[in-house]
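K.L.:
The primary structure of each chain is shown beneath.
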Amino acid sequence: MTITERIDIHPTHNYENYKLRRGKPFPFGATLVPGGVNFSIFSSHATSCTLVLFKKHAEQPMVEIPFPEEFRIGNVYCMVVFDLDYENLEYGYRMDGPNDFAAGQWFDKTKILSDPYGKIMGGRDVWGVLPDWNDIYQHRSRIVFDDFDWEDDRPLEIEPEDQIIYEMHVRSFTRDASSGIKEKHQGTFAGIRDKIPYLKELGVNAIELMPIFEFDEFENSRINPETGEMLLNYWGYSTVDFFAPKAGYAATGKLGMQADELKALVKELHKNGIEIILDVVFNHTAEGNEQGPTISFRGIDNKTYYMLTPEGYYFNFSGCGNTLNCNNPIVRNLVLDCLRYWAEEYHIDGFRFDLASILGRDPWGFPLANPPLLESLAFDPILAKCKLIAEAWDAGGLYQVGSFPAYGRWAEWNGKYRDTLRKFIKGDATVGEMAQRLQGSPDLYAWEGRAPATSINFITAHDGFTLMDLVSYNGKHNQANGENNNDGDNSNESWNCGWEGVTDDPAINALRRRQIKNAVAMLMVSQGVPMILMGDELGRTKHGNNNTYCHDNQLNWLDWQLLETNVDLFRFFKHCIAFRKAHPVLRNRQHFQNQDYVGSGYADITWHGTKAWNADWSPDSRSLAFMLCGKHARQGTFTDNYIYVAMNVHWQANWFELPGLPTGMNWHVFANTGVPSPADIWQPGTEPQLENQTGMLLGDRSVAILVGK
Amino acid sequence: MEINLRKLQEIQVVELIGDVDASTAPEVQQEILPLAQPNSKLLLDMSQVPYMSSAGLRVLLSLYRQATAQDGKLVLVGLSEDLQDTMSVTGFLDFFATGDTLEAGLAQLKETVA
Numbered sequence: 000m001t002i003t004e005r006i007d008i009h010p011t012h013n014y015e016n017y018k019l020r021r022g023k024p025f026p027f028g029a030t031l032v033p034g035g036v037n038f039s040i041f042s043s044h045a046t047s048c049t050l051v052l053f054k055k056h057a058e059q060p061m062v063e064i065p066f067p068e069e070f071r072i073g074n075v076y077c078m079v080v081f082d083l084d085y086e087n088l089e090y091g092y093r094m095d096g097p098n099d100f101a102a103g104q105w106f107d108k109t110k111i112l113s114d115p116y117g118k119i120m121g122g123r124d125v126w127g128v129l130p131d132w133n134d135i136y137q138h139r140s141r142i143v144f145d146d147f148d149w150e151d152d153r154p155l156e157i158e159p160e161d162q163i164i165y166e167m168h169v170r171s172f173t174r175d176a177s178s179g180i181k182e183k184h185q186g187t188f189a190g191i192r193d194k195i196p197y198l199k200e201l202g203v204n205a206i207e208l209m210p211i212f213e214f215d216e217f218e219n220s221r222i223n224p225e226t227g228e229m230l231l232n233y234w235g236y237s238t239v240d241f242f243a244p245k246a247g248y249a250a251t252g253k254l255g256m257q258a259d260e261l262k263a264l265v266k267e268l269h270k271n272g273i274e275i276i277l278d279v280v281f282n283h284t285a286e287g288n289e290q291g292p293t294i295s296f297r298g299i300d301n302k303t304y305y306m307l308t309p310e311g312y313y314f315n316f317s318g319c320g321n322t323l324n325c326n327n328p329i330v331r332n333l334v335l336d337c338l339r340y341w342a343e344e345y346h347i348d349g350f351r352f353d354l355a356s357i358l359g360r361d362p363w364g365f366p367l368a369n370p371p372l373l374e375s376l377a378f379d380p381i382l383a384k385c386k387l388i389a390e391a392w393d394a395g396g397l398y399q400v401g402s403f404p405a406y407g408r409w410a411e412w413n414g415k416y417r418d419t420l421r422k423f424i425k426g427d428a429t430v431g432e433m434a435q436r437l438q439g440s441p442d443l444y445a446w447e448g449r450a451p452a453t454s455i456n457f458i459t460a461h462d463g464f465t466l467m468d469l470v471s472y473n474g475k476h477n478q479a480n481g482e483n484n485n486d487g488d489n490s491n492e493s494w495n496c497g498w499e500g501v502t503d504d505p506a507i508n509a510l511r512r513r514q515i516k517n518a519v520a521m522l523m524v525s526q527g528v529p530m531i532l533m534g535d536e537l538g539r540t541k542h543g544n545n546n547t548y549c550h551d552n553q554l555n556w557l558d559w560q561l562l563e564t565n566v567d568l569f570r571f572f573k574h575c576i577a578f579r580k581a582h583p584v585l586r587n588r589q590h591f592q593n594q595d596y597v598g599s600g601y602a603d604i605t606w607h608g609t610k611a612w613n614a615d616w617s618p619d620s621r622s623l624a625f626m627l628c629g630k631h632a633r634q635g636t637f638t639d640n641y642i643y644v645a646m647n648v649h650w651q652a653n654w655f656e657l658p659g660l661p662t663g664m665n666w667h668v669f670a671n672t673g674v675p676s677p678a679d680i681w682q683p684g685t686e687p688q689l690e691n692q693t694g695m696l697l698g699d700r701s702v703a704i705l706v707g708k
Numbered sequence: 000m001e002i003n004l005r006k007l008q009e010i011q012v013v014e015l016i017g018d019v020d021a022s023t024a025p026e027v028q029q030e031i032l033p034l035a036q037p038n039s040k041l042l043l044d045m046s047q048v049p050y051m052s053s054a055g056l057r058v059l060l061s062l063y064r065q066a067t068a069q070d071g072k073l074v075l076v077g078l079s080e081d082l083q084d085t086m087s088v089t090g091f092l093d094f095f096a097t098g099d100t101l102e103a104g105l106a107q108l109k110e111t112v113a
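Protein sequence lines correspond, in order, to chains V and W.
To convert, note that position 436 of the first sequence is 435 in numbering that gives the first Met the number 0; the numbers rise steadily by one, no gaps.
To convert, note that position 100 of the second sequence is 99 in numbering that gives the first Met the number 0; the numbers rise steadily by one, no gaps.
Keep in mind that the hints were calculated from the coordinates and are not lab data.
The structure displayed is predicted, hence computed values, not measured ones.
Incorrect hints may have been included.
Claimed, not checked - The list that follows gives simulated cross-link-like pairs (lysine to aspartate or glutamate, EDC-like), each with its CA atoms no further than 20 angstroms apart:
1) K54/V with E80/W
2) K72/W with E690/V
3) K183/V with E30/W
4) K54/V with D131/V
5) K194/V with D20/W
6) K72/W with E30/W
7) K183/V with E80/W
8) K610/V with E499/V
9) K270/V with D93/W
10) K253/V with E110/W
11) K54/V with D18/W
12) K253/V with E80/W
13) K181/V with D84/W
14) K181/V with D20/W
15) K199/V with E563/V
16) K253/V with E30/W
17) K54/V with E86/V
18) K55/V with D93/W
19) K72/W with D131/V
20) K55/V with D84/V
21) K194/V with D93/W
22) K425/V with E499/V
23) K181/V with E30/W
24) K253/V with D81/W
25) K55/V with E14/W
26) K253/V with D20/W
27) K18/V with E86/V
28) K18/V with E69/V
29) K181/V with D93/W
30) K183/V with D84/W
Isolated chain V, as found in the complex (with noise of 0.2 angstroms):
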């Protein structure tokens, strides 16, 4: 005989015509319990707490029950309420407590506070439809079912260094009608699911999403002086919800399922192989400086939630008016609780922090050398396998790239590549520091024991220009933006090979190509972690705009059209991805150590120049070669084929002396740039043998790629 029943399903209490009973701390937010609703809210400094309760969309609350003093425990209010029709349901609290801006205090019982920890939220159902601003409450949280059927799936796992990320926008990638996808699906979670064939094709394992976490979109709109044209926050780097998906990526968003449809959009990409990973932004919230709107955190507990000034005012580390208070246990643990749901909730496989280095200040803005919360995000069991990728600075004008508190497992994002691979690519003379980021970075990373897939590599990400633009413009060009050109960043490191902008000149544009395929293929054969932007493979252009955070139109919506009129590119950038994945070599797990550790007469990576085993690193060279012995792969556990890479990035062309391989090897094209499509590249497998064995003309500006087997 088992127990039928618990016995704490039954009520307590009453308020008007609600039944209530005290409820547990633990979890925070919002829960589903036999019979009700567990509410759960902490504020430290409030003196009365109050759950404010809606029907779905309706102005006025149904009901506003004050927490009865004795379901307060410790500085937890918690409540279960009974019968309530939660598919239906809009929660929100007003706390009340002091008031005073030097002391940090801003309680204020006229809000209406969303719930820190609330798992989807109402209030922008519907992507881009005007809010109305006399609703009382803004940003409404809502409870979800959290019994999505997963079956098997779970995080994928791929190794690290196997990893190639595709960094894209959910509503940029599948906006545009140019998508040919079902309109209902065009901007949403359901429309990358539809394009999934095509990010298979393309190769890439893992796709990087920027923010997802519930936005405001309309946050700070204003209308473009010169266009007439609403600009609005449109990447979403300011978060209203860190536990709730964007409401407005989901085709379902208006329907309240946009938990379920991210799920199964995680679902399918695991099935089909592909890793998901968060852009997730820690560093501040939405509710902006002293002018901001109050929305959750100033009003449940802004001491406990934001990093002030002895006189109260915002520290602004993050650029964005305010900045978490990470180091503070109660914010370390929402991070924590957040990051963990996300992964165990959602399969997410890895998350990306922006500004990360302001997660390494303490209360005050100072760097702690140990941090606690990154080292309890770094030592969590449930993380563990978790892809943890830094941007490694912030604002304030933290820059950690090779020295963030890594633990032995966070990542970086390699601010040092994009330059370094930007100024060579377009005839600097960088050879020494480019055979650094060759080699995954040895020089940032080795010394502390860090592998090469900490450095996330990458040349083009959402900030800045695309790869098309980074090839033909040499400044920006934001007036759309409607600051005058002040906004985004100055140095680009790009070139517009003659023409600022769009031209019909045929050799600028031969060039332009070339020049992007010199890219993706420096890139593709660096070790550590490749990262691709979203529509580089096609092209794309943002005409010049290398901050486009404010544009919900075609300077940010991905045009598909361009897969047909670039599908050299697109056919360059597959084909370099499969070279990547076919070859162990390029993917190691340990540094080079620059000589013969298993025998077979080659060093792990030789270098060459013009001359074989003669790299010119003088500092006006600018031509280099390397050479991968197959024998060295992943420390010799692996066989593969040899790799030689030669990059000629001066204006003219050059004879390169190959080295010499094994007796009865023979040199193999897989790429030339400088050999017009197709015959730039083959599938990997079937490289045309070399006629001449001993060297090869390589053009102007142009990358070799040869497989010696």
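Guided by the hints, dock chain W onto chain V, whose structure is given.
P.N.:
Okay, now just chain W, sitting in the frame of chain V:
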């Protein structure tokens, strides 16, 4: 909410009429879950269901789980285009056999007999 049950030979046909949301889902659940018996063949006629909420879709999935756990079969017929799309993007549709019409659904269930 109206639920009509009838048997066509060994096939249990369930006709749902009306929205299945949080307020009607419990009733649907109470009526149809007991139909999942060993080797039962269930056909749900959805052609008169304009809308299903999260809660409604979960009742369907519960029924699927209970039926298949007992080697039963379940087919949905007459899903509106909207409902089919919602079920597709949220992953629910992956679990179900579907048919456009009652006849198509019956044919599917009969095939599984042979």
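K.L.:
Does each hint fit the structure? Answer for all of them.
P.N.:
Quick rundown of the hints versus the structure:
The suggested pairing of K54/V with E80/W is violated, with an alpha-carbon distance near 28 angstroms, which exceeds 20 angstroms. Only pairs whose Cα atoms come within 20 angstroms are accepted, and K72/W paired with E690/V is rejected, the gap being roughly 64 angstroms. Distance restraint check for K183/V and E30/W: the Cα-Cα separation of roughly 34 angstroms exceeds the 20 angstroms cut-off, and the hinted pair is therefore not satisfied. With a CA separation close to 17 angstroms, the supplied pair K54/V and D131/V stays within the 20 angstroms bound.
Among the hinted pairs, K194/V with D20/W is inconsistent with the structure: their alpha-carbon atoms are about 31 angstroms apart, more than 20 angstroms. Taking the CA atoms of K72/W and E30/W, the gap is about 17 angstroms. The hint holds against a cut of 20 angstroms. The straight-line distance between the Cα atoms of K183/V and E80/W is roughly 12 angstroms, inside the 20 angstroms bound, and the hint therefore holds. For the hint pairing K610/V with E499/V, the CA-to-CA distance comes to about 36 angstroms; that exceeds 20 angstroms, so the pair is violated.
A threshold of 20 angstroms between alpha carbons decides the hint, and for K270/V with D93/W the separation of about 13 angstroms falls inside it, so the pair holds. Straight-line distance between C-alpha atoms of K253/V and E110/W comes to about 39 angstroms, which puts the hinted pair past the 20 angstroms bound. At roughly 18 angstroms between alpha-carbon atoms, K54/V and D18/W fall within 20 angstroms of each other, so this suggested pair holds. A threshold of 20 angstroms between alpha carbons decides the hint, and for K253/V with E80/W the separation of about 17 angstroms falls inside it, so the pair holds.
Restraint check: the Cα-Cα separation between K181/V and D84/W comes to about 10 angstroms, which is no more than 20 angstroms; the hinted pair holds. A hinted pair counts as satisfied when its Cα atoms are at most 20 angstroms apart, and K181/V with D20/W does not qualify at roughly 26 angstroms. Proposed proximity of K199/V and E563/V is supported: the alpha carbons are some 18 angstroms apart, at most 20 angstroms. A threshold of 20 angstroms between alpha carbons decides the hint, and for K253/V with E30/W the separation of about 29 angstroms lies outside it, so the pair is violated.
For a cut-off of 20 angstroms, the pair hint linking K54/V to E86/V stands: about 9 angstroms separates their Cα positions. For the proposed pair K55/V and D93/W, the alpha carbon gap of about 29 angstroms is over 20 angstroms, so the pair is violated. Distance restraint check for K72/W and D131/V: the Cα-Cα separation of roughly 48 angstroms exceeds the 20 angstroms cut-off, and the hinted pair is therefore not satisfied. In summary, the hint linking K55/V to D84/V is supported, as the alpha carbons are separated by about 10 angstroms, within the 20 angstroms threshold.
At roughly 17 angstroms between alpha-carbon atoms, K194/V and D93/W fall within 20 angstroms of each other, so this suggested pair holds. A threshold of 20 angstroms between alpha carbons decides the hint, and for K425/V with E499/V the separation of about 15 angstroms falls inside it, so the pair holds. Taking the CA atoms of K181/V and E30/W, the gap is near 36 angstroms; set against the 20 angstroms cutoff, the hint is violated. At roughly 13 angstroms between alpha-carbon atoms, K253/V and D81/W fall within 20 angstroms of each other, so this suggested pair holds.
Simply put, K55/V and E14/W have alpha-carbon atoms about 29 angstroms apart, too far for the 20 angstroms limit, and the pair is violated. Between K253/V and D20/W, the direct Cα distance comes to roughly 14 angstroms. Compliance with the 20 angstroms bound is thereby established for this hinted pair. Distance hint between K18/V and E86/V is fulfilled; the C-alpha atoms sit about 18 angstroms from each other, no more than 20 angstroms. Our distance criterion of 20 angstroms between C-alpha atoms is met by K18/V and E69/V, whose separation comes to about 15 angstroms.
Distance restraint check for K181/V and D93/W: the Cα-Cα separation of roughly 19 angstroms lies within the 20 angstroms cut-off, and the hinted pair is therefore satisfied. At roughly 9 angstroms between alpha-carbon atoms, K183/V and D84/W fall within 20 angstroms of each other, so this suggested pair holds.
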